[in-house]
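Novice: Residue numbers (our numbering), protein chains in the order written: chain Y, 511 to 786; chain X, 511 to 786; chain G, 511 to 786.
Check the hints yourself; a few may be wrong.
Which copy? The list can't say, so a pair holds if one copy fits it or any two copies do.
[Unchecked claim] Straight-line distance between alpha carbons at most 25 Å, and here's what the computed BS3-like set of lysine-lysine pairs gives:
{"id": "1", "residue 1": "K662", "residue 2": "K760"}
{"id": "2", "residue 1": "K542", "residue 2": "K656"}
{"id": "3", "residue 1": "K733", "residue 2": "K536"}
{"id": "4", "residue 1": "K665", "residue 2": "K536"}
{"id": "5", "residue 1": "K567", "residue 2": "K542"}
{"id": "6", "residue 1": "K716", "residue 2": "K737"}
{"id": "7", "residue 1": "K735", "residue 2": "K662"}
{"id": "8", "residue 1": "K650", "residue 2": "K536"}
{"id": "9", "residue 1": "K737", "residue 2": "K662"}
Just so you know, the hints here were simulated from the structure itself, not pulled from any lab data.
Being a predicted model, the structure only gives us computed values, none of them experimental.
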Amino acid sequence: MAIITLTTDFGHKDHFIGAIKGTIYKELSDAKIVDISHSISPFNIQECAYILKNSYKAFPEGTIHIVGVDSEPTLENKHIAVQVDGHYFISANNGVISLITNEIKPDKIVEISIPNQAQGSFPVLDVFVQVACHIARGGKLDVVGKEFKALKELKDFAPRVTNDGKTILGNVIYIDNYGNVISNIQKSLFEAYRNGRNFEILARNKKISNIHDKYSDIIDFSKDKSKRKGPGDLLALFNSSGYIELAIYKSDLNTVGGASTLLGLDYRDTITINFL
Amino acid sequence: MAIITLTTDFGHKDHFIGAIKGTIYKELSDAKIVDISHSISPFNIQECAYILKNSYKAFPEGTIHIVGVDSEPTLENKHIAVQVDGHYFISANNGVISLITNEIKPDKIVEISIPNQAQGSFPVLDVFVQVACHIARGGKLDVVGKEFKALKELKDFAPRVTNDGKTILGNVIYIDNYGNVISNIQKSLFEAYRNGRNFEILARNKKISNIHDKYSDIIDFSKDKSKRKGPGDLLALFNSSGYIELAIYKSDLNTVGGASTLLGLDYRDTITINFL
Amino acid sequence: MAIITLTTDFGHKDHFIGAIKGTIYKELSDAKIVDISHSISPFNIQECAYILKNSYKAFPEGTIHIVGVDSEPTLENKHIAVQVDGHYFISANNGVISLITNEIKPDKIVEISIPNQAQGSFPVLDVFVQVACHIARGGKLDVVGKEFKALKELKDFAPRVTNDGKTILGNVIYIDNYGNVISNIQKSLFEAYRNGRNFEILARNKKISNIHDKYSDIIDFSKDKSKRKGPGDLLALFNSSGYIELAIYKSDLNTVGGASTLLGLDYRDTITINFL
């Protein structure tokens with residue numbers, strides 16, 4: 511039995527998630543449902559895509575991902591089911607799929623059309639759950655819709671490299687639970703242009719001149735404890751998703767603040783890397 | 511094996527939910543536990559009832575719902591297990607069951623009395639879990655308590671219709687994750703009195719003259735994009751639970767605000783519908 | 511198949527939890543994963559220990575607990591897997607295990623060393639999940655590391671009893687979802703020194719002279735409703751974990767406040783019990 515994942519902006523209080531899970535279990539008593547996140551900022555498909563992009567591959571092939579963000583169908587955003595990279599995604603055609611899977615070409619896309627399709631304000635329950643259960647039972651996409659080509663393409667911010675190859679200009683694409691600031695500059699891009707040069711990362715009025723592989727690498731254990739860097743100090747990191755991230759070591763966003771609040775960096779803000 | 515659902519005001523941080531789930535799995539290794547919500551406002555049985563009322567029917571018949579809000583037994587609020595509408599509910603007799611199931615007559619109610627019943631401050635763990643596991647194993651209600659008649663009845667706000675049939679006066683009964691304001695006026699009541707007349711919905715100083723079936727119906731796709739209504743605009747909706755709801759299209763309560771904050775509407779406030 | 515529990519400070523929004531669950535299911539399709547908490551304050555191993563200490567025993571013996579707080583290995587805090595009290599814990603050797611299991615001597619501790627061990631910033635995914643799956647499949651600890659003796663010991667605040675046996679000085683060790691204030695004074699200690707004497711509990715400028723077994727015991731049902739204590743009144747409790755707790759009956763931290771905000775008590779603050 512395939513896994514069905516849920517990624518929504520429904521929050522954790524309302525009845526929506528309970529209704530969805532009950533409906534799935536009513537149809538498939540041995541379903542395996544996994545919550546990826548229900549705390550996406552309302553209607554924020556960029557955030558939704560970031561979270562799915564960095565988690566969907568962890569699941570077994572054949573997993574069915576319900577994308578419950580901005581899911582109402584409109585004349586311009588039809589409901590679609592997409593088979594791509596060994597996984598299934600069910601969403602409105604609002605661009606979120608193109609942000610999740612980027613350059614990977616979908617194997618199949620169908621525009622969803624099921625009998626007695628409800629037209630209400632809760633399509634995740636009325637439509638996506640039916641389609642997910644159909645796929646989980648081993649059903650074909652052709653049965654729930656007709657083939658469709660016009661996948662809506664949205665472009666994420668892409669980092670720019672200056673003509674002289676001396677500078678990479680990136681943007682903040684996500685701020686995590688610790689207030690750590692994730693840029694869209696990937697390690698592979700950084701390394702491709704670095705050519706062994708020294709560099710400085712500029713974010714607001716801060717400058718960082720090296721990038722660690724894990725947070726605690728900021729600590730130089732050869733130094734006396736009183737002279738080491740540690741909690742509260744700024745660092746740059748190649749994070750576990752392959753992006754360059756700015757972090758405050760052991761930050762707590764709710765008390766002392768994190769990199770986002772301490773640097774004053776928000777979604778879309780610029781991060782610059784100069785090779786020296 | 512029946513599903514056991516959990517609806518509590520325990521929040522997501524403390525050890526309570528972990529202890530409950532561990533105890534259930536210790537007793538029933540193949541239990542299926544579903545979280546409906548742990549974010550009910552503390553001791554708010556109206557909110558708890560709204561959420562359960564709108565989700566319990568999605569679950570298969572025979573599902574066991576543990577209601578962990580205001581669950582301490584007192585001389586006035588005994589612990590009860592109720593079989594109603596094909597489902598089981600375990601709660602204190604604080605009125606929450608009458609709010610969840612309204613006019614549906616319970617098939618059976620027992621006042622819980624189990625051997626060595628703990629009398630502490632965590633009855634969901636000490637009592638409800640035992641009863642839920644008993645029912646999940648196919649046990650009878652009679653074994654965990656003696657029949658009981660005095661189900662505590664609480665009345666929800668009911669909408670009033672004026673004698674001339676020209677006005678429905680309703681109240682706000684819930685505010686959801688998006689700040690959308692749900693009234694207690696059901697579509698069926700509205701339609702029963704409408705008789706094809708035009709109408710206006712009054713909420714504070716706002717007036718709305720039509721009701722949509724889904725949020726995006728606020729968009730008139732025949733108009734040029736720059737002239738359409740869209741994000742930030744107010745609308746009324748027959749929502750997925752059958753209530754009239756006031757919403758701001760694509761609102762984000764944490765940033766720009768939702769209908770509740772923008773209209774200044776809170777729980778209990780009045781919403782008026784005048785037929786013209 | 512053993513249960514795998516997750517206790518982290520990852521929050522509920524980011525992709526971390528989804529990635530962890532997907533990876534576990536990819537390796538063990540019939541795994542049973544239980545979230546204990548993902549809302550630990552960042553890097554707060556005291557809080558993490560309090561929550562695990564009060565929930566792990568509820569799970570069946572053999573349960574595997576992944577501790578995802580302050581989990582990066584350093585020269586001083588290696589990754590360890592510990593078998594203790596019939597359970598398994600996987601964590602960094604940062605002291606959290608000693609706070610969870612206190613005086614219980616571990617049966618076995620290994621310093622984790624697995625082939626191709628990733629050295630990145632997401633060791634819960636890269637290392638702990640592998641070890642948990644190995645144990646869940648019935649594997650031995652010896653296979654994932656070599657025996658290790660130097661379990662880092664942290665001491666929790668311990669209550670002090672004055673020489674004359676007249677006073678117990680305790681501290682706040684946790685504040686729960688309701689704002690209830692949990693002290694480190696256990697019922698057993700209190701009873702051992704009480705000797706039938708009257709007492710007063712002092713917390714800031716408040717004095718309490720009895721301790722209840724459940725919250726609603728504050729209500730004296732023999733009194734007229736208008737003269738009873740009830741919502742908003744302060745009480746002391748032997749809570750379900752055996753600690754003395756100060757609570758406001760039916761408090762809501764987000765609206766009227768709880769014991770922590772109303773008494774002005776925070777983590778570490780002193781609570782005094784004088785025997786009279």
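Novice: If a hint holds in the structure, say so; if it doesn't, say that too.
Specialist: Here's how the hints hold up against the structure:
no., hint, verdict
1, K662 / K760, "between (39 Å within a copy, 20 Å between copies)"
2, K542 / K656, "neither (27 Å within a copy, 36 Å between copies)"
3, K733 / K536, "neither (60 Å within a copy, 42 Å between copies)"
4, K665 / K536, "neither (39 Å within a copy, 31 Å between copies)"
5, K567 / K542, "both (17 Å within a copy, 20 Å between copies)"
6, K716 / K737, "within (21 Å within a copy, 44 Å between copies)"
7, K735 / K662, "between (54 Å within a copy, 18 Å between copies)"
8, K650 / K536, "both (21 Å within a copy, 23 Å between copies)"
9, K737 / K662, "between (53 Å within a copy, 23 Å between copies)"
Hints 2, 3 and 4, counting from the list given before, are not met by this structure.
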